[in-house]
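Colleague: The hints should help you fit chain B onto chain A, whose structure is shown.
Chains as they are written, first to last, in numbering that gives the first Met the number 0: chain A, 0 to 296; chain B, 0 to 296.
Check before you lean on any hint, since a few could be wrong.
Said to hold, decoys possible - Some but not every residue of chain B turned toward chain A, in silico, with C-beta under 8 Å: (1) A10; (2) H60; (3) V109; (4) S110; (5) V113.
By construction, these hints were calculated from the structure, which means they are not laboratory data.
Beta carbons: idealized from backbone N, C-alpha and C, even for Gly.
Number of protein chains: 2
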Amino acid sequence: MPTTRVRLDLAYDGTGFSGWARQRGLRTVQGELEGRLAELFRSTGAQPSVTVAGRTDVGVHALGQVAHVDLGEPELAVLDRVRGHAGARIVTARGGESLARRLNGIGGPVSDLVVHRSAVAPAGFDARFAALWRRYEYRIADAGAVRDPRRRDHTLWHPADLDADAMEEVAASLLGLHDFAAFCRPREGATTIRTLQAFSWRRDDDGVLVARLQADAFCHSMVRALVGACIAAGEGRLAPDRVAGLRDARARTSAFKVLPARGLTLVEVGYPADADLAERVERTRARRDAAEADPVD
Amino acid sequence: MPTTRVRLDLAYDGTGFSGWARQRGLRTVQGELEGRLAELFRSTGAQPSVTVAGRTDVGVHALGQVAHVDLGEPELAVLDRVRGHAGARIVTARGGESLARRLNGIGGPVSDLVVHRSAVAPAGFDARFAALWRRYEYRIADAGAVRDPRRRDHTLWHPADLDADAMEEVAASLLGLHDFAAFCRPREGATTIRTLQAFSWRRDDDGVLVARLQADAFCHSMVRALVGACIAAGEGRLAPDRVAGLRDARARTSAFKVLPARGLTLVEVGYPADADLAERVERTRARRDAAEADPVD
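Bound conformation, chain A alone (with noise of 0.2 Å):
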């Protein structure tokens, strides 16, 4: 059967979630969202399984979370209203729009999980496979930022001051491709060998400082480890000119920790034009140790 993939921009609060992935009897982003479809498409009878770009752990929050979702003809024909008319075909494009609107309805008014965008996707694309690089960001708010419990499951509170020059310093000392096994959780098969294209620190009005990485893929626990070791020196616990030497030992070491997942938030997900998009899914295909170990942070 014929289908059409649509790709959902996605924004969560992780509080509430066990995470990304489809666990039975947790609530998960995926449960959440596949539920969803379910309800909406409830008449047709499918269950439609959506694919991420970055299988968030428990507690991560996303903004540009990216996913995508293929539907049927049938499925196609509840989005457009204009159920079992022959021509449901031709209204593709309204119905991958009116998706989101459709789904952050079955949410509710006031939901942790919200759609920001939906669209029938270019050909070629696919979620996981065809993304670039995942962009994330870390709040911490050490004993001189203003601490606004408003914001607090997003923030880390660090009980400390923290040496912002020194972080960067450490930032800027792990850019570029490495194998990044001391920031890894090991998983069997996996490559822990990655490019982290950006990490640098700013102090935002409140004095929250603010991380950003981007990497084309983070293994698990990779960002919370790297922010670990800024915070190990900004603490001066460190030296920040010894933290290149710890990656490049690629062991495990206790110098520094992983941090909460509170701080944490996907923020975006980098594609290739959309000419490029099949080349770039051939690819990732190809490299099977980096889909493995691919989108988790």
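Modeller: Chain B only, in chain A's frame:
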């Protein structure tokens, strides 16, 4: 018994509180704060009560709330960790500072109520009667703004686009000294005459509309009704140049609604210079009606 007045600067997420004022069987901000004080000073038997600048309503947040509490010698001794020492009185400045840290410690590492600062208050200080003005913000994500689920508990999500220019026109037309009865829930014997010192709109980086409102004091529901009038104009349901006339009719109207508390945050409370505190308190107390209606949002 001589007491020392300590000023507390507070922030809270109003979502989990039934407003400021202590109420039996309900979790309120005052109840939580006084509960922590009672716990801290358990050894002295004291159960200090706090006085606040702005008695926020159910669900209203605060970043710059101000309160005061009067502490006796035994309580100061607890803070100074020189229990029973005759010299306790000379170290009260340090005691004032440590109070915030101790109250936050009781609240736990991630609390919806945080004391940002505590200090021995200057002579004549009274959190409620010495206040010169209160400043609030109200956040609205309309259809074109980014809906950030992480911030859903302190932002109103509005389903349609809003005309920010029309909203600004309404805000500007309401400034100054007026009877705001049309925007206030009536209270017996209480004046509704207020000076609206500032009222303006801006869009933040996410496109979220943020109102800034400042007045000597607001009467009950006034901020949320003022913002409601702006939304009615922003939706095109109410001509901006009609709003000042509705205000001067001094009667409640169905032309606009009182908005939900979730978008509202008390941001700052202003006080005169230390030398002018006593005079300010005297003047506020003399205006009994103003004092009665005083600090509710």
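Colleague: Report holds or violated for the interface hint on H60 (chain B), using the least CB-CB distance to chain A and a cut-off of 8 Å.
Modeller: This interface hint holds because 5 Å falls under the 8 Å limit.
Colleague: V109 (chain B) was flagged as interface toward chain A. Is the shortest Cβ-Cβ separation under 8 Å?
Modeller: For V109 (chain B), the interface hint holds, since the closest Cβ of chain A sits about 5 Å away, which is under 8 Å.
Colleague: Please check whether S110 (chain B) passes as an interface residue: C-beta within 8 Å of a C-beta belonging to chain A.
Modeller: holds (7 Å)
Colleague: Just to be careful: measuring from the Cβ of V113 (chain B) to every Cβ in chain A, is the smallest value less than 8 Å?
Modeller: Cβ of V113 (chain B) sits 5 Å from chain A, so the hint holds.
Colleague: Given A10 (chain B) as an interface hint, is its Cβ closer than 8 Å to any Cβ of chain A?
Modeller: At about 5 Å, which falls below the 8 Å cut-off, the nearest Cβ of chain A leaves the hint on A10 (chain B) intact, so it holds.
Consistency note: the structure conflicts with none of the earlier hints.
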